[in-house]
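Top to bottom, those sequences are chains B and C.
In this text, residue positions in the first sequence follow the working numbering: the first is 1, and each later residue adds one.
In this text, residue positions in the second sequence follow the working numbering: the first is 1, and each later residue adds one.
Do not rely on the hints blindly, as some may be mistaken.
What the hints assert, rightly or not - In silico contact screen, one side only, chain C against chain B (beta carbon under 7 Å); selected entries:
#1 Arg85
#2 Asn107
#3 Met168
Keep in mind that the hints were calculated from the coordinates and are not lab data.
C-beta atoms are modelled at their ideal positions from N, C-alpha and C, and glycine is treated no differently.
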Amino acid sequence: MTISQTLISRAAAAVDVSRSARSSKPSAVVMLVAVVVLVALPFLVFSNVTDTMVNLFVLIALASMWNLLAGFGGLVSVGQQAYIGIGAYSVIALADQGVSPFLAVPLAAVTCVIFALPTSWLAFRLRGDYFAVGTWVIAEVYRLLVVRVDSLGGASGKGLAGLSGIDQTFRGALTYWIALALALATIAGCYLLLRGRLGLALMAVRDEETAASSVGIDVRRAKRMVYLVSAAGCGAAGGVITVSSLSVNPDAIFSVQWSAYMIFIVVIGGIGYIEGPLLGAVIFFALQQLLADYGSWYLVLLGAVGIAAALWLPRGLWGLVRDRTGLSLFPVGYFVRERGADAASR
Amino acid sequence: MNWLNAVIQGLMLGGLYALFATGLSLMFGVMRIVNLGHGDLAVVASFLALALISGTGLPLWIVLVVTVPLFAVLGYLTQRVLLQRSLSSGPLATLLVTFGLSIVLQNVLLEIFSADTRTLDGGSFATGSFELTGSISVGYLSLTTFLLAVVVLVGIQMFLSRTGLGRMLRASSDDRETANLVGADSRHIYGIATAIAFATVALAGLMFGMRSSFDPSIGPSRLIFAFEAVVIGGLGSPWGTLLGGMVLGVTQSVGAQIDPALTLLAGHLVFLAVLAFRPQGLIAGRTV
Chain B
1 MTISQTLISR AAAAVDVSRS ARSSKPSAVV MLVAVVVLVA LPFLVFSNVT DTMVNLFVLI
61 ALASMWNLLA GFGGLVSVGQ QAYIGIGAYS VIALADQGVS PFLAVPLAAV TCVIFALPTS
121 WLAFRLRGDY FAVGTWVIAE VYRLLVVRVD SLGGASGKGL AGLSGIDQTF RGALTYWIAL
181 ALALATIAGC YLLLRGRLGL ALMAVRDEET AASSVGIDVR RAKRMVYLVS AAGCGAAGGV
241 ITVSSLSVNP DAIFSVQWSA YMIFIVVIGG IGYIEGPLLG AVIFFALQQL LADYGSWYLV
301 LLGAVGIAAA LWLPRGLWGL VRDRTGLSLF PVGYFVRERG ADAASR
Chain C
1 MNWLNAVIQG LMLGGLYALF ATGLSLMFGV MRIVNLGHGD LAVVASFLAL ALISGTGLPL
61 WIVLVVTVPL FAVLGYLTQR VLLQRSLSSG PLATLLVTFG LSIVLQNVLL EIFSADTRTL
121 DGGSFATGSF ELTGSISVGY LSLTTFLLAV VVLVGIQMFL SRTGLGRMLR ASSDDRETAN
181 LVGADSRHIY GIATAIAFAT VALAGLMFGM RSSFDPSIGP SRLIFAFEAV VIGGLGSPWG
241 TLLGGMVLGV TQSVGAQIDP ALTLLAGHLV FLAVLAFRPQ GLIAGRTV
């Protein structure tokens, strides 16, 4: 037996390593109940409530995707609106070909992956801050290219075909469910992705890129994977936005405003935690509803809160919650506990 | 002759882009800050000038003389109060803070001045031009802007290479800790760099305002021009920024000659091409 084996077996005898926090089981039950209630919501409340909830789900999905990209992949992008736009226009184009708009939403995610693959080659030539602005320019290029295509409505945008025959209430409920499915899928997707081999690789890359690559992690491949998943999620979100608004406008759908929303939701909620975007989106959504009568002042407030969070609360509100309570709804790390003692840490 | 005209107008426009990009390049070179609020600051300067002119009735040149130093002071304060704090929390924090600033500035302008497009009235100076040949004429304003850009860039270059403060600035940029050890106060020096950057942004904002119309939401698209000029020319070299601005200006101007809808796209495509095939920029300079 070598020294290292001896040391490992001795260490293993003293601690338990598990992948779930103590609080994980009860919180899983609570989340399951919450999901069941959310699924049943169209039967329980009026459609104006579910219609607003669609916006919340879209925000959750977008923020989760940005969190995956920046918080776990270290890729701070200001250009994810490229994929929101491509997703939205995919749904429009597919619906024109006779595909059901609801079926077109997952297909929009696939389209975005196809576009993201060559784009990533270009974008990955930029590092750090320049990646941020570079992705933004790429989004602008996509917008300028789309408005040149006359069959997509040019600069004035286009309406969504293929939904006129469906009953309005039923259409509302279907839109709600597909938005809910999107939000759940992005959260579950992040969770499964990060618990696996890729998650471990990503966190190593995020913490120290050179060290990660020296122990054999293919840094570029890990980052590209995250970029593609994030593009797919944003594309599907763009599709849902189109299905819910029934039309698309190039300036609005390719607007950098989406990036502002994503970034501030994640920063306020807590970057690098799966729970962060969820909490941030709920807060953002509540602010939006509360301050709806004050015009763009809510964006001023949002910007100011974002600046404050970046300066004084770098791990966001969820970081605060976690420090106080140790709560973790989606644990992706490892919990090490000394046997017999209560000391627990990630 | 139309093509030659497009190239000449593009070169003049490029001067404005270079003037505007100087601040972005300087802040990145010295502090590694990409200021995402850069474009909005220029728009704030335009609106401030507009408000001053309509409020006090002062002529434009006095407003210019007031606005530029005011922005320098604002820049110094922004660096000391806001950006310095974010520097210690890592690169993501600076990006977030400047992006937050951009959103705040845009929406405050929107609330105060509404979404209407405005222009700064430069009088006969802004509309007048002289003829070079029968078909090519150069506007006084474009030529002045171009010369101003050259003067500012030469001035910054001289400041960095010849003065004591410039030397400390370069030292802080190369290695902040060591510069601090030998007596440079990096916080003060960073403040100076940001003050210069803000002053040039204000100047560029006023020139933009006289040249074309502006509204509160135009900042981000202008930031992209500045960013493109910096990357095309090559990071950290004032001459690179001038060259980058001119390449961008000529590309946009020639693109517009082919089809007005191609103006922006042509510029972006040249930027992406430089990114793909010559990521260090046309003139690979040292930092600052």
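How the hints compare with the structure:
{"no.": "1", "hint": "Arg85", "verdict": "holds (5 Å)"}
{"no.": "2", "hint": "Asn107", "verdict": "holds (4 Å)"}
{"no.": "3", "hint": "Met168", "verdict": "violated (24 Å)"}
Violation of the numbered hints given earlier is confined to hint 3; every other hint is satisfied by the structure.
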